[in-house]
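Quick note on numbering: UniProt numbering labels position 32 of the sequence shown as 32, and the sequence is numbered without any gaps.
If you're looking for bench data, these hints aren't it; they were derived computationally from the structure.
It is possible that some hints are incorrect.
Unchecked claim - Calculated pairs, SDA-like style, for lysine to any residue (alpha carbon to alpha carbon, straight line, at most 25 Å):
id, residue 1, residue 2
1, K185, G276
2, K185, V250
3, K46, P209
4, K46, T36
5, K185, G115
6, K185, S326
7, K185, A117
8, K46, C20
9, K185, H164
10, K46, P33
11, K46, S61
12, K46, P65
13, K46, V62
14, K185, L200
15, K46, G276
As the list claims (entries may be wrong) - Computed spacing ranges between beta-carbons, pair by pair:
id, residue 1, residue 2, range
16, A179, P321, 34 to 40 Å
17, G210, V25, 41 to 47 Å
18, L44, F341, 55 to 61 Å
Where a beta carbon is used, it is the ideal one built from N, C-alpha and C, also for glycine.
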Amino acid sequence: MGHRHIVRKGFTPARVLGLCGAFLVLVLASFVPAVTFGEWPVSLFKVFVHPGSTDSHVFWSVRLPHVLLAAIVGAGLAASGSTLQGVLRNPLADPFILGVSGGAALGATLALALGLARVEEVAPGLGGGLARLSAPALFAFLGAVAAMVFVLAISRGHGGRAPHAVLLTGVIFNTFAAAAITLIKTLAGRDRLEAILSWLAGDLGSEEPGTLVLSALLQAVAIGVMIALSGRLNLLTLGDEDAASLGVPVVRTRRWLLLAASASVAGVVTLSGLVGFVGLLVPHLLRLTLGPDQRLLVPLSALGGAAFLTLADLLARLLYPVFNQSIPVGAVTALLGGPLFLALLYRSGRLTAG
1 MGHRHIVRKG
11 FTPARVLGLC
21 GAFLVLVLAS
31 FVPAVTFGEW
41 PVSLFKVFVH
51 PGSTDSHVFW
61 SVRLPHVLLA
71 AIVGAGLAAS
81 GSTLQGVLRN
91 PLADPFILGV
101 SGGAALGATL
111 ALALGLARVE
121 EVAPGLGGGL
131 ARLSAPALFA
141 FLGAVAAMVF
151 VLAISRGHGG
161 RAPHAVLLTG
171 VIFNTFAAAA
181 ITLIKTLAGR
191 DRLEAILSWL
201 AGDLGSEEPG
211 TLVLSALLQA
221 VAIGVMIALS
231 GRLNLLTLGD
241 EDAASLGVPV
251 VRTRRWLLLA
261 ASASVAGVVT
271 LSGLVGFVGL
281 LVPHLLRLTL
291 GPDQRLLVPL
301 SALGGAAFLT
311 LADLLARLLY
321 PVFNQSIPVG
331 AVTALLGGPL
341 FLALLYRSGR
351 LTAG
């Protein structure tokens, strides 16, 4: 496939800005029902006209941080999914394929099984805000970073982190992590097993403002790197030899893209657990409708992922009265994403070819 088939002639900065503006409006539109509907309905009129009201307290302390977290997680998953599908030259690649999610899940599961709630329980002498950080979140982040380093280091000796080497190493690590998690769940007490299952299913909480700011900064940097290298990513999809002949430093570009995507996934999985299908469905849908140009796909995937997970989280909260218990957002994205993705595959002819 030639370069002209990857990069459409209609690509212009004006088109990118226009589409990004339209998707940003979509994200903001998804925020309105997300912050108003729920177990406690919130009136935006009371929030801004009566700042001391219960609605205002719920909005600023609970609902808005929760919705912002959903948007941050969705943006990171979808942008990294689009990037990895290009780097690995596999349209079915998702953000969890590198083993980062497996490392995060293993770390969080270990902390929950040990009954650790705060970092101060691990390091009693630690003071300040660090001591109050969530121990499962810290263990998840450390596990994700360890997995990222392991996978990239092992695959480094195979053609400068060739796609097949990265894929195989990630799959093997995820298999190991899944086995270790199963063992820990078997040995954990029943009172702690529920917390483990909830985290693994993907559960969004209401994070501290400082945590949200740090997470947003991490995602901004990681997604910024992916967007900055999206032009080179277009050429990487042609194959290493063709990309190199067009002046792309293949090994260095792939390294930075993998690091950015891995850092993004590590950041969001630490806060949300395993939320599936966002990083697979959103980029695939946009690729079918807008074409394969990563200069469009990466930023639009971030915005589309933010809107998708915000609405999926809203649906999970609206289902609370039906089941009389919280529904993990990961379950909702899987139930929505599975049929939608199959429909997309059918429409694109992948299931009917032959």
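Here's how the hints hold up against the structure:
Taken as a hint, the K185 and G276 pair is honoured in the structure, with Cα atoms around 21 Å apart against an allowance of 25 Å. Proximity of K185 to V250 is assessed by CA-CA distance (about 42 Å); at most 25 Å being required, the pair is judged violated. Distance restraint check for K46 and P209: the Cα-Cα separation of roughly 22 Å lies within the 25 Å cut-off, and the hinted pair is therefore satisfied. About 11 Å separates the Cα atoms of K46 and T36, which keeps this hinted pair within 25 Å; it holds.
For the proposed pair K185 and G115, the alpha carbon gap of about 13 Å is at most 25 Å, so the pair holds. Taken as a hint, the K185 and S326 pair is honoured in the structure, with Cα atoms around 21 Å apart against an allowance of 25 Å. A hinted pair counts as satisfied when its Cα atoms are at most 25 Å apart, and K185 with A117 qualifies at roughly 17 Å. Restraint check for K46 and C20: not satisfied, since their Cα atoms lie roughly 31 Å apart, outside the 25 Å limit.
Between K185 and H164, the direct Cα distance comes to roughly 31 Å. Violation of the 25 Å bound is thereby established for this hinted pair. For a cut-off of 25 Å, the pair hint linking K46 to P33 stands: about 15 Å separates their Cα positions. A C-alpha spacing of about 15 Å is found between K46 and S61, which places the hinted pair at or below 25 Å, so the restraint holds. For the given pair, K46 sits about 18 Å from P65 by alpha-carbon distance, which is consistent with the 25 Å threshold.
Only pairs whose Cα atoms come within 25 Å are accepted, and K46 paired with V62 is accepted, the gap being roughly 16 Å. For the hint linking K185 to L200, the alpha-carbon distance of about 11 Å falls within 25 Å, and the restraint holds. Restraint check: the Cα-Cα separation between K46 and G276 comes to about 36 Å, which exceeds 25 Å; the hinted pair is violated. Hint check: A179 to P321, Cβ distance near 38 Å, so the stated range 34 to 40 Å holds.
Take G210 and V25: their Cβ atoms lie about 29 Å apart, and the range 41 to 47 Å is violated. Here the CB-CB span from L44 to F341 is close to 34 Å, at odds with the stated 55 to 61 Å.
The structure shown violates the earlier hints numbered 2, 8, 9, 15, 17, 18.
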